[in-house]
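The whole structure should be built from the sequences, with the hints applied where relevant.
Those sequence lines, one after another, are chains B and S.
Each residue of the first sequence is one higher than the one before, counting from 294 in the working numbering.
Each residue of the second sequence is one higher than the one before, counting from 2 in the working numbering.
If you are wondering where the hints come from, they were derived from the structure by calculation, not from laboratory data.
It should be emphasised that the depicted structure is a prediction, and the values quoted were computed from it without experimental measurement.
For every residue, glycine included, the Cβ atom is placed at its ideal position computed from N, Cα and C.
Mixed in with the good hints there might be a few duds.
[Claimed, not checked] Computed cross-link-like contacts, BS3-like style, restricted to lysine-lysine with a CA-CA straight-line distance of at most 30 Å:
hint : chain 1 : residue 1 : chain 2 : residue 2
1    : S       : Lys255    : B       : Lys299
2    : S       : Lys161    : B       : Lys504
3    : S       : Lys161    : S       : Lys255
4    : S       : Lys161    : B       : Lys419
5    : S       : Lys161    : B       : Lys471
6    : S       : Lys255    : B       : Lys504
7    : B       : Lys299    : B       : Lys460
8    : S       : Lys161    : S       : Lys174
9    : B       : Lys460    : B       : Lys419
10   : B       : Lys471    : B       : Lys419
11   : S       : Lys255    : S       : Lys89
12   : S       : Lys174    : S       : Lys157
13   : B       : Lys299    : S       : Lys89
14   : S       : Lys161    : B       : Lys460
15   : S       : Lys182    : B       : Lys419
[Said to hold, decoys possible] Just some of the chain S residues that point at chain B, by a computed CB distance under 8 Å:
hint : residue
16   : Gly154
17   : His158
18   : Glu162
19   : Glu164
20   : Leu167
21   : Ala168
22   : Leu169
23   : Ala171
24   : Thr172
25   : Leu175
26   : Met256
27   : Gln257
28   : Arg259
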Amino acid sequence: MLFQFKDVHLQVDDLNILQGLNFEIVRGEFVAVIGASGAGKSSLLRMFNALTSPSQGDITFRGVNIDTDIQALRKNVGVLFQNPVVFNGTVRENLLIAGRWDQNISQTLDHEILAALDQVGLVDIKLTHHARDLSGGEQQRLALARTLLNHPQVILLDEPTSNLDPKLAREIMDQIDKLREALQLTIIAVSHDHMLMRRYAQRVIILSHGKIIGDGDFETLDKSHAFEDAGLLKNEVKNAT
Amino acid sequence: MRPDFYVLSWSDLLVSLFFIAFSLFLIKKWKLGLENTLLIGSLRTFVQLTLMGYVLTWFFDQQHWAFMLMLLLIMILIASYEGTRRQKNSIPHFFPAMLVALLSSAIIILGTILLFILDVEPWYSPYAAIPIGGMIIGNGLNSTALTANRFVGELKHREKEIETLLALGATPKLAVFDAMKTSIHAALIPNINAMMTVGLVQLPGVMTGQILAGIDPIIAVRYQIMIMYMWFTTATMANMIMLAIVYRQYFTSKMQLRRELLREKA
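So, in structure tokens, the structure goes:
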């Protein structure tokens with residue numbers, strides 16, 4: 294078992310963002326966390342790499358409390374944000390940014406960097422190219438390659454394709470799914486786009502008002518009212534399949 | 002022939018009221034509506050500085066190290082309070098951060114000047130410690146107040162960048178290091194520019210004052226050079242110490258950015 298959430302709550306000021314979450318995630322899963330806007334999806338995702346801590350409850354990673362070694366946890370659990378951060382500098386400088394504190398990264402050889410770029414489908418990019426000149430899709434791939442250089446076991450996706458056109462979004466998701474198989478990664482993706490997630494995720498956690506109202510495979514949950522209860526249209530879901 | 006010094010009498014000072022009268026005339030002509038403000042400002046300048054003159058005269062008569070240390074501590078406390086008050090953003094524990102930054106700079110820089118550069122005897126002589134200490138504390142205050150404001154602005158601007166670095170395994174210090182560098186850089190540039198142009202464009206106030214008071218310009222220049230170096234070092238040291246304390250306030254013990262602090266007061 295990779296992650297275990299036990300009675301996890303998150304309260305910010307007087308708002309109950311997440312309430313009584315209990316679930317486990319095993320290695321190699323592609324889990325989609327879906328829900329309407331404000332359901333608590335992004336707050337939940339931030340807990341997997343301890344960017345946010347629960348107000349109450351326990352989270353373990355590989356059987357150990359998630360707070361035990363936060364830096365090691367974050368190297369193991371990479372994240373791809375909705376708007377990728379690209380630092381001022383070249384492609385190489387962006388990829389090796391973690392070399393500022395991690396000797397393993399600073400000593401990465403060019404062929405390893407090129408292999409990481411190849412893994413994310415960035416094949417015709419020069420390492421000396423200015424990273425901020427890349428297109429939105431290329432910047433997202435660059436951010437993914439940067440995460441991969443940490444050799445993570447888990448990759449968190451926070452609406453990573455919501456700013457991309459549907460064709461490009463699908464290409465990037467295909468690439469991530471291939472990586473999951475090749476590198477035995479665990480993927481936890483937050484998305485409001487359940488149609489897209491249905492293509493990749495084996496398991497879906499449906500959040501509504503900070504509570505889990507559905508957890509299982511899409512087929513089983515289609516038979517329940519969970520999607521409608523979460524404010525997601527069932528017809529829309531079926532049409533996408 | 003060089004005069005020994007120019008004595009400015011109270012009646013001479015009255016003549017300088019001409020400047021205020023002339024400014025009032027110009028303000029009225031342009032209908033700037035600043036007449037009352039200028040009158041109050043002029044009056045306050047006169048009253049405050051006159052009082053300060055008498056207070057300083059009394060201070061200069063005191064010859065005791067405990068008195069001098071107490072006075073410097075009070076100046077630092079007031080400067081720290083003023084620096085905290087000037088912040089647009091409510092930075093947690095900013096007052097103690099300013100206090101530590103100003104106190105450390107004052108001890109190291111004032112101590113070096115009194116003991117090793119001017120060889121003041123006794124070291125707590127108010128004629129040296131008060132004006133030089135005041136310059137160090139005042140300069141430290143101005144510089145750190147600006148740097149702290151800039152730093153919080155950088156944190157807001159770079160929030161995603163900082164979280165990306167944390168997510169890649171950076172410590173909080175490394176995650177905000179670029180923000181700290183940019184803030185200090187911005188604070189030091191005016192000091193460096195001042196060092197580049199001093200004497201070419203304008204004569205600094207301290208030097209002008211000394212020359213007017215009859216000090217040999219060569220001696221006045223030496224003082225000014227020491228002051229320029231002192232200002233730069235104060236700004237560098239005080240800013241670094243202040244930021245080393247302040248950046249920690251923006252993170253939890255679990256290396257999380259306290260985003261709620263960046264949402265306060267736009």
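Each hint, compared with the structure:
1. S:Lys255 - B:Lys299: holds (19 Å)
2. S:Lys161 - B:Lys504: Holds - the C-alpha atoms of Lys504 of chain B and Lys161 of chain S are around 27 Å apart, at most 30 Å.
3. S:Lys161 - S:Lys255: At roughly 18 Å apart (the allowed maximum being 30 Å), Lys255 of chain S and Lys161 of chain S satisfy the hint.
4. S:Lys161 - B:Lys419: Holds: Lys161 of chain S and Lys419 of chain B sit about 25 Å apart, inside 30 Å.
5. S:Lys161 - B:Lys471: holds (27 Å)
6. S:Lys255 - B:Lys504: holds (25 Å)
7. B:Lys299 - B:Lys460: violated (38 Å)
8. S:Lys161 - S:Lys174: Between Lys161 of chain S and Lys174 of chain S the Cα gap is close to 15 Å, so the pair holds against 30 Å.
9. B:Lys460 - B:Lys419: Since the Cα atoms of Lys460 of chain B and Lys419 of chain B sit roughly 24 Å apart, the hinted pair holds (cutoff 30 Å).
10. B:Lys471 - B:Lys419: holds (24 Å)
11. S:Lys255 - S:Lys89: Measuring from Cα to Cα gives roughly 27 Å; hence the hint holds.
12. S:Lys174 - S:Lys157: holds (16 Å)
13. B:Lys299 - S:Lys89: violated (41 Å)
14. S:Lys161 - B:Lys460: holds (26 Å)
15. S:Lys182 - B:Lys419: It holds: about 29 Å lies between the C-alpha atoms, which stays within 30 Å.
16. Gly154: violated (17 Å)
17. His158: Result: violated, 12 Å to nearest chain B Cβ.
18. Glu162: With Cβ-Cβ at 5 Å, under 8 Å, it holds.
19. Glu164: Holds, because the Cβ-Cβ distance from Glu164 of chain S to chain B comes to roughly 6 Å (cut-off 8 Å).
20. Leu167: holds (7 Å)
21. Ala168: holds (5 Å)
22. Leu169: Leu169 of chain S check passes; min Cβ-Cβ to chain B is 5 Å, inside 8 Å.
23. Ala171: holds (6 Å)
24. Thr172: OK, holds: Thr172 of chain S within 8 Å of chain B, min 7 Å.
25. Leu175: Where the cut-off is 8 Å and the nearest Cβ of chain B is about 5 Å from Leu175 of chain S, the hint holds.
26. Met256: holds (5 Å)
27. Gln257: holds (6 Å)
28. Arg259: violated (11 Å)
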